[in-house]
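> Chain residues, written in single-letter form:
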Amino acid sequence: MFGLSQPLSLLPTVLANVAQDARTIPGLNFLPFLTDSLLVAAIVVGVVFWFSRKATTNMQLVPHPAQNFFEAIIEFFYDRIEGIVGPKIALKTFPLLATLFIFILVSNWFGLIPGVGTIGWGEGSGFGVLSEVEHPLFRPPTADLNLTLGMALVVFAVWIYITVREVGVWGFLVHTFGPKGGVKGLMGLVMIVIFFFVGLVELFSILLRNVTLPMRLYGNVYAGENVLHTMSSMLDGQGPIVSFIGSVLLPLPFYFMELLVGALQAMVFTLLTAVYIKLSTDHGEEHH
Amino acid sequence: MSPILAADILTQFGVTPAKLIAQCLVFGLVYMVLKRYAFGPVLAMLEARRKRIADGEAKLEKIARDLAAAEENAKAIIEKADSEASRLIKEAGDSAGVLAERKKQDAVTEANSILAKAREAAKLEQEQLLGQLKREFGRMVVDATTRVTGKVLNSDDQERISRETATQVSL
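The listed protein sequences correspond, in order, to chains A and B. So for the first sequence, the numbering used here puts the first residue at 271; every next one is plus one. So for the second sequence, the numbering used here puts the first residue at 191; every next one is plus one.
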């Protein structure tokens with residue numbers, strides 16, 4: 271515990287045994303960007319590319335199973351997006367939003383594959399056995415703040431582009447800072463001041479999306495990794511058989527929970543992005 | 191939140207410009223791959239299928255309309271044929287009536303004509319018989335007169351007696 275002599279830190283004490291940050295691959299330190307999460311992200315790209323090619327090769331009006339499955343996902347998702355942002359904006363934003371959803375979903379679920387987070391380098395405690403994996407080979411990409419922050423920044427850039435294109439800079443400023451309600455006279459002047467401050471708060475909340483979006487996703491997936499890791503190592507030190515059974519059985523219920531969390535977080539990230547776009551372009555939809 | 195604290199947090203979570211850019215590039219790659227190989231073809235296929243279904247629906251509606259029009263047309267043709275047939279039957283009936291009437295009239299006329307001819311023939315025959323009878327009766331009167339009187343009557347007397355007898359005999 272913290273003693274009085276220790277300096278006060280605003281950062282939480284790290285209790286989990288999964289590293290907060292993605293690690294570079296040992297032996298490839300000359301490539302500082304090549305981390306365990308980037309490696310998995312590349313594999314996810316490959317999986318997505320392979321499946322999309324499989325689903326869209328030799329497409330027929332009467333679809334084959336892979337095409338049918340992929341089309342069902344795309345159609346379901348397109349309808350949801352269209353319902354939120356409207357048909358006009360949906361055409362422009364669908365590729366980005368669908369990419370976010372599919373990439374986040376596959377990345378989240380990839381972390382549930384046995385071996386992710388448990389195969390790697392560390393202090394050995396026997397042949398092929400590590401007491402602690404210090405440098406995992408694989409890490410879910412969404413458990414790396416670099417990816418979630420990167421996606422949030424991309425989303426923010428796209429949001430700015432679409433907003434400016436749809437309503438213009440002046441339209442955005444009026445939409446954000448302009449008084450609503452059509453009150454005139456002295457009350458109108460008061461409302462101008464009030465809505466100016468409301469606009470400042472709104473602007474702050476918009477900027478804060480670059481923190482909330484990535485931290486929410488990262489926090490959930492990272493926490494899930496920790497839960498699984500903690501549960502699977504709970505009976506370590508109780509003998510090899512008990513430890514093995516414990517590492518299989520104890521995390522099992524949490525795998526189902528993480529499946530749900532993975533899908534939910536992919537949906538949350540994507541739908542929040544859609545809602546942000548809707549909120550800023552709603553004014554434009556009415557006038558165009 | 192001070193920049194130093196923000197930088198401290200980012201460092202603690204392992205965020206570095208190189209890793210951040212690398213992850214952004216990976217995400218951009220996924221975006222391009224999916225947009226090029228997945229969303230484009232799939233959305234085009236969905237649109238093609240939607241269009242095909244819409245075309246099918248339109249064709250179905252057209253077929254239904256054509257069918258209704260054909261049924262209407264057939265109904266009109268049947269009604270027209272029915273009416274034509276009724277008219278023809280009525281005309282045939284009327285024509286047959288007229289013909290029958292004409293034939294009847296002809297038959298009646300023919301019968302009357304036959305009757306008239308028969309009457310005429312009978313009358314003529316009667317008259318002939320009557321003439322013949324009168325002449326026979328005149329000859330018998332002449333014979334009787336000759337026998338009664340014992341006198342041979344010349345032809346003028348015979349002629350006169352026969353004429354008077356014929357005049358007096360009215361049958």
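Derived from the structure by calculation, the hints contain no laboratory data. Here the structure is a predicted model, which means the values were calculated and not measured. Please note that a few of the clues may not be correct.
Taking lysine-lysine pairs in the DSS-like style, the calculated list, with each CA pair at most 30 Å apart, reads [stated by the list, open to error]:
| no. | chain 1 | residue 1 | chain 2 | residue 2 |
| --- | --- | --- | --- | --- |
| 1 | B | Lys241 | B | Lys225 |
| 2 | B | Lys252 | A | Lys548 |
| 3 | B | Lys294 | A | Lys358 |
| 4 | B | Lys294 | A | Lys362 |
| 5 | B | Lys252 | B | Lys265 |
| 6 | A | Lys548 | A | Lys450 |
| 7 | A | Lys362 | B | Lys313 |
| 8 | B | Lys313 | A | Lys358 |
| 9 | B | Lys270 | B | Lys280 |
| 10 | A | Lys548 | B | Lys241 |
| 11 | A | Lys362 | A | Lys454 |
| 12 | A | Lys358 | B | Lys270 |
| 13 | B | Lys307 | B | Lys294 |
| 14 | B | Lys293 | A | Lys324 |
| 15 | B | Lys307 | B | Lys280 |
| 16 | B | Lys307 | B | Lys293 |
| 17 | B | Lys270 | B | Lys252 |
| 18 | B | Lys313 | B | Lys324 |
| 19 | B | Lys249 | B | Lys265 |
| 20 | A | Lys324 | B | Lys324 |
> Run the distance test for Lys362(A) versus Lys454(A): straight-line Cα separation, threshold 30 Å.
violated (38 Å)
> Taken at face value, is the distance from the CA of Lys280(B) to the CA of Lys270(B) at most 30 Å?
Distance of about 15 Å is within 30 Å: holds.
> For a C-alpha distance cap of 30 Å, please report whether Lys324(A) and Lys324(B) respect it.
violated (136 Å)
> Are the Cα atoms of Lys313(B) and Lys358(A) separated by 30 Å or less?
violated (117 Å)
> Given the hinted pair Lys362(A) and Lys313(B), is their Cα-Cα distance within 30 Å?
Given pair Lys362(A), Lys313(B) is violated - Cα atoms ~122 Å apart, limit 30 Å.
> Going straight from one Cα to the other, do Lys270(B) and Lys252(B) come out at no more than 30 Å?
Between Lys270(B) and Lys252(B) the Cα gap is close to 26 Å, so the pair holds against 30 Å.
> Within a Cα-Cα threshold of 30 Å, do Lys241(B) and Lys225(B) meet the stated pairing?
Judged against 30 Å, a Cα distance of about 22 Å means the pair holds.
> Is the hinted pair Lys293(B) and Lys324(A) satisfied, with a Cα-Cα distance of at most 30 Å?
violated (93 Å)
> Could you grab the alpha-carbon distance between Lys548(A) and Lys241(B) and see if it respects the 30 Å cut-off?
holds (28 Å)
> Hinted pair, alpha-carbon criterion (30 Å max): Lys313(B), Lys324(B). Please report holds or violated.
Satisfied, since the Cα-Cα distance of roughly 15 Å is no more than 30 Å.
> Next pair to validate is Lys294(B) with Lys358(A); report whether the Cα-Cα distance is within 30 Å.
Roughly 90 Å separates the two Cα atoms, so the pair is violated.
> Is the hinted pair Lys249(B) and Lys265(B) satisfied, with a Cα-Cα distance of at most 30 Å?
Holds, at about 23 Å.
Of the numbered hints stated above, those contradicted by the structure are hints 2, 3, 4, 7, 8, 11, 12, 14, 15, 20, listed in ascending order.
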